[in-house]
Every structure is written in C-alpha cells, then in structure tokens.
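Use the sequences and the hints to build the structure in full.
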Amino acid sequence: MHEMSIAEGIVQLLEEQAVSQHFQRVKTLWLELGPLALVETEALRFCFEAVARHTLAEGARLEIVELPGEARCLDCNARVAVTTRYSACPGCGSYRLQLLRGDELRIKELEVE
Amino acid sequence: MCTVCGCGAGEGAPAAQHQAGLHEGDDPHRHSHAPGVSERRRVQVEQDILSKNDRFAAQNRARFEAQSLFVLNLVSSPGSGKTSLLTRTIERLGGRMPLAVIEGDQQTDNDAEKIRATGVPAVQINTGKGCHLDAHRVGHALEQLEPLPGGVLFIENVGNLVCPAAFDLGEAHKVVILSVTEGEDKPLKYPDMFHAADLMLLNKIDLLPYVDFDLQRCIEYARRINPEIQVVQLSARDGTGMDEWVHWLEAARSERIRQRIGALQAQARALQALLGEEAI
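Residue numbers (the working numbering), protein chains in the order written: chain A, 7 to 119; chain B, 2 to 281.
Because the hints were derived from the structure by calculation, they are not lab data.
Restraint ranges, calculated between C-beta atoms of paired labels, are given here:
id, chain 1, residue 1, chain 2, residue 2, range
1, B, Q266, A, P96, 42 to 48 Å
2, B, P148, A, E46, 36 to 42 Å
3, A, G99, B, Q45, 37 to 43 Å
Glycine included, every Cβ here is placed at the ideal spot set by N, Cα and C.
The structure is reproduced here in structure tokens:
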C-alpha cells in the first residue's frame, strides 16, 4: 500500500540526482530489493509508472535486482539464507535470527541522457 | 518548456535544474546534448529510497534530543484501542511531565478531540489517501506544538500494521499494540511491524475469558519475529497492567536521558581538552 510513497520517493531522488549529476531524462533505473524490504514488486511497478508520468522519468524502464536475505543464528552462530522474518534456522531450528542483509531498497544505477 | 529535453519548471521536471545553471547563459541549450542527439550514459547512485524520509527523521530526532523530549510511535491495526490507551496513559502521567500527542488518521479530527478533552495539546494529521505518517509531515506537526522540555510526545500512527513499519519518524521506540480480540498470529502475518517495535502491548486482556486468544502463543510468535521484543499485558479499560506500562515508559525515558547526559559529558570533556584542562 505504501508503494505509492516509495514510488514518489524514487522520483524525488531522481530529480535530485538530475541536478547533481547533470542529466535530463532517466531511461532505465536499476533498483536493488531485498526480500524483506516491505515492497511488493508488481505494486511498485504500477505506482512508479503512474508517478513518473510528466516527470523526467516518464516511461523509464524499471529493472529490479533481487538481492538475497541472510541472517546469523544467535543460538548456533550459523549464517543462513532467509526470505521471511519468521524463518527458522535450518541448522538448529531456532527463531533467534539476526538479519545481516535482505532489507535493501536502493537505487543502484541509472541510464540517463 | 525546453523543447529539446522536455524539462522545465511546472512540467514535472526539476525546476532546480534551472537554478543549478544548466540553462545559464544566452544559449538555453548549452547543456549536455545537442538538438536531436541523445547521449545515453550510466550513472551510479547507490542511494536508499527511504533516505529522504530518513533525513527528515534525523532532523526530528535532533529536535527531540535538543529538548530532551521522549517520543513514542504507537502503531497497530485499527480498533486495537490506541486512543483509549493514550487517554488513560495521559491520566496517569498527567502533571508529572509535559505531554503532547500527534494523531495520524486518514480523515477526521475525532482522535485529537478526545486527547484535547484530557487537557493535553494534540495535533491532528490527516493523511488523506496516505496509509502512514512520514517524518516530513511529523516535522510540520511539531511546528504547531509548544516546546516540551523533558516531556513525552506520543505519535499515534495511522491504524495499519503494514506501511508505518517502514517509516522512521525520529521516535525513540515504536510500540505495537495488539488487542486480544484480534488473531494471536498477527505477529506472523505482519512480521515487519513486530520486528520494528521494541515493545508489544497486549490490550483488552479483560476480554480474555470471552475470546479464543492464546496469549502465550502470541508472545511466542512475536519473539520468533523479534527475539528482543518486550511485552506488557494490559487493559486500558479496567486498568490491569497500566502500572507496568507506565513503569516501562518512565524507565525507557530515564534511560534516554542518561544516554543524553553521557553524550553531553563526553562533548564537555572534549571541549575541556581543547583548553588543556582536566575533566571535572
């Protein structure tokens, strides 16, 4: 539901970048998204397309780079892959997992002109 | 509008480009491309999308710190009893420290009215179509409140267990409220919120005899998501557990003040060292 705000945030960041990196249009943007980033990919695409209309990013291609989630088990100290906040450690079954990465929501790179 | 690249104030493209000198000089098209020729290039950005909200949140946090204001962001689904809990909490804290409330709802001033009836200042933010409060709107709401040195500010977020989890407002803690008339598996269904919160208040426990709510299982689910989450069981209606909640609040506020004292002392020592003086 908050994908609309996130899409607006993306366009604002692009407008700031346009000033600092001297470009006029965004043709493609690469977003890095972790599985725990609280973002529904399809909803974000829909919202971005709507928000980008009449801006420097109108019609820009949105490339989503999905990043892996990783956590450390506080009980057995293993590093494990996670896709949800309620994952259990596959080694020892503990739920005491500390997230190391997987909540990224970042603009990585742009193709501009 | 610039006919070459389509940019221009009021056309959606950043007006700041013009201030930044891209169009300076006599020739409005001195900037990077010639008419009809597009120069595509890649630029590295590496920027968090929520960084703008986080910047506003950092500004709010600095303002809170400067007046030693302890701020809690109360989050829950609609109907968990946030506003009643707040009015009862205010009754208990009233007179001991300055209090204020920022109310977030999509529409109506009803909740702010309820708070004002207790004598505490309240600012209502109507988010309209928005599903959460963001740090920018909270910053503007702060302008409508008198300074509250050493006080407590409650921010009652929009009733929604999803979106408010992602937006830092500058608070000291998120407090999630879950009532026993809801499902005990809400921590699993809405894990991000329970992960973001430091305290879970289980409200309406006076209704436990009438509902099928497994308290222990709920707490176990919440700790699966967030092993560090603290839990207080209470009923705003009959007062059970209210002492424990108020005690948590006062202890967390004291801890915050102590941290601030520590930081200021370290700053003072650094300044004394500049003068070549011994620390006091």
